[in-house]
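*Asks:* In my numbering, each residue's number is its place in the sequence shown (first place is 1) plus 85.
Do not rely on the hints blindly, as some may be mistaken.
Subject to a maximum C-alpha distance of 25 Å in a straight line, what follows is the list of computed SDA-like cross-link-like pairs (lysine to any residue) [to be verified]: (1) Lys-409 with Arg-350; (2) Lys-396 with Leu-381; (3) Lys-396 with Thr-512; (4) Lys-396 with Gly-408; (5) Lys-318 with Asp-159; (6) Lys-396 with Ser-370; (7) Lys-409 with His-363; (8) Lys-396 with Asn-369; (9) Lys-396 with Gly-336; (10) Lys-318 with Thr-512; (11) Lys-318 with Ala-460; (12) Lys-396 with Arg-361; (13) Lys-318 with Lys-396; (14) Lys-318 with Gly-336.
By construction, these hints were calculated from the structure, which means they are not laboratory data.
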Amino acid sequence: MTYAHTAPAPSEPITVALTGASGGFGRTFLAQLAVIPTMRPSILVDLNLPALSALLDDLGYDRATWQIVDSAADVESVVADGRTALISDAALLVPSSYRVLVEATGNMRAGFAFARQALDAERHVVMVSKEVESLSGVFLSELARERGVSYQPGMGDQPANLLALLSWVQAVGLEVVAVGKSSEYDLTYDPATGMARQLDVDTHAPALGDLLELGDDLAATLASRHEATRAFKRAAAADYCEMAVVSQYTGFTPDVETMHYPIARPDELADIYSLREHGGILENSGATDVFSMLRLPGEASFAGGEFVIVKTHDAETWRMLRGKGHVVSRDGRYAAIFHPYHLMGIETPLSVLSAVDPHRVAAEPRQHTILSGRAEIDLAAGTALTVAGHHHEIAGVAPVLRATPETAPNVAPFYLLGGCTLSRPVTAGELLTIDDLDGVDLNLWAAFQAGRALSGGTE
C-alpha cells in the first residue's frame, strides 16, 4: 500500500467533509487545513456545534468563513460561496458539497453510516475511525471499488503510517519478519527515585534499575520487566484495533492472540523480535505486535510510532549500518527500521491528496484476522456492553486478535459488542458470539460477514 506524497496539485482546492470535527483529531486536522492551499474544509459535522464553533475560533478561523446551517440548501449555498458549513444532522451531508470525507467520529455505528453514505454517493473516504475499519473496512473498501472511488485509512494514525513504512521496506526488497508499534504511553523509569510512570500513574519499581539492559537472557529480562510493572495496565483495545487494521492490509497476524507486549528500549527491538530459534520471542515470521517503550527521564519517546523488523542478509552492509547507529540485532541477523511518530491530523492531508490522485493503486484489504472479545470475568445475562474511555474499552471483555481461520463464524467482532446486552450468561475465558447478544446492529454484522466472505478460504 503506497501513499502519494508527490501527487499532482489539484487545479482548485479539494473540498473536504470532516465528521467528528470537534474532537482531538479534528483539531489537528483543521489546524493543518488552515495552512494548506490545496484543500479546504467544506462541511464540518459534529453533534456539539458550540464546541465546534469554539474550536474554530481558537484555531483562528475568521467567523466570516463559516456558518452553522440547518438545511441542505443552505449547505450548498455556503459551500458554493467558498465557506464552511457546520452541521449536526447527518442528512445534511450533501455529496455535491465535498469530494473527500474524512471520517473521525470514533463511533462504530455513526462512522459506518457516514462512510457508506459517502461511498454510495461516489465520494472518496479517508477512514480515521479505526474501530469502523477493523469491523467493516473490507466491506467498505469493496464498496469503494464498485463505485469507482477511493477508500483508505488516514495517515497520521499508526495503521496507515505503518503501512506506508512497510510499503517502502518491501519496495527496496527487504524480507520482513514482523511489524508493529509502541503502545500509546511510555514507561518512564527514574533511577534517582526508583519510580516508574505511565501517563499519570506512578509506581515504585526499583527492580527496573537492574533491568535497563537486555542482558544475556532475553526471556528472563522481559519477564522481570513485566513483573516489576504489574501495577500498570499496558494493553489497550486501541492497540489491538490498530493491529487488526494493519493485518487486513498486509496479511500479517499476531504470534499470540494477546500479542506479546514486551517492555523494550528501541535499540533492543531487533533482538526481541527475532525468531525463537535465534533467541527472540517470535514463534513465526510475519507477525504483528505491540511493545511498551522503557525510557529514562529526558530520553526521546517512541511516540506511539511504528517499526518493521527485517532480515539483514549481507552481514557487511549491516555491520556498516550498525556503525552509523541503526538498530541491528547482536547476532547480526535482524534489523529494526522505525518511524517514532504519528502526528494525527497533521499528516492526514497526504491521504486526502492520495484519495483524489487518479494514478493511485487501490489496496485490497481482507479479513485475515478478527478482533474479538474474550470474557475476563463471568458475565451475567442482561449485562450491558458499552464502549467507553479514551481507548474505547469494554468493561469485563478483553480484546484478542485471532487469525480468521481459527475463529468460528459466529464469533462477534469486538466493536459490534458496543450497545448490545448479553442474552445469556458468558463464562470467563469464552469468546463472545453473535448468539450471546441482544441489540446487534444488523447492518454492521452484515457488513462484517460480507467482508469475511470476500476473504476466501477463511471460513
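*Asks:* Compare the structure with each hint and give your call.
*Replies:* Cross-check of the supplied hints:
| no. | hint | in the structure |
| --- | --- | --- |
| 1 | Lys-409 with Arg-350 | holds (18 Å) |
| 2 | Lys-396 with Leu-381 | violated (29 Å) |
| 3 | Lys-396 with Thr-512 | violated (43 Å) |
| 4 | Lys-396 with Gly-408 | holds (17 Å) |
| 5 | Lys-318 with Asp-159 | violated (48 Å) |
| 6 | Lys-396 with Ser-370 | holds (10 Å) |
| 7 | Lys-409 with His-363 | holds (24 Å) |
| 8 | Lys-396 with Asn-369 | holds (13 Å) |
| 9 | Lys-396 with Gly-336 | holds (18 Å) |
| 10 | Lys-318 with Thr-512 | holds (23 Å) |
| 11 | Lys-318 with Ala-460 | holds (17 Å) |
| 12 | Lys-396 with Arg-361 | holds (14 Å) |
| 13 | Lys-318 with Lys-396 | violated (32 Å) |
| 14 | Lys-318 with Gly-336 | violated (28 Å) |
Violation of the numbered hints given earlier is confined to hints 2, 3, 5, 13, 14; the remaining hints are satisfied by the structure.
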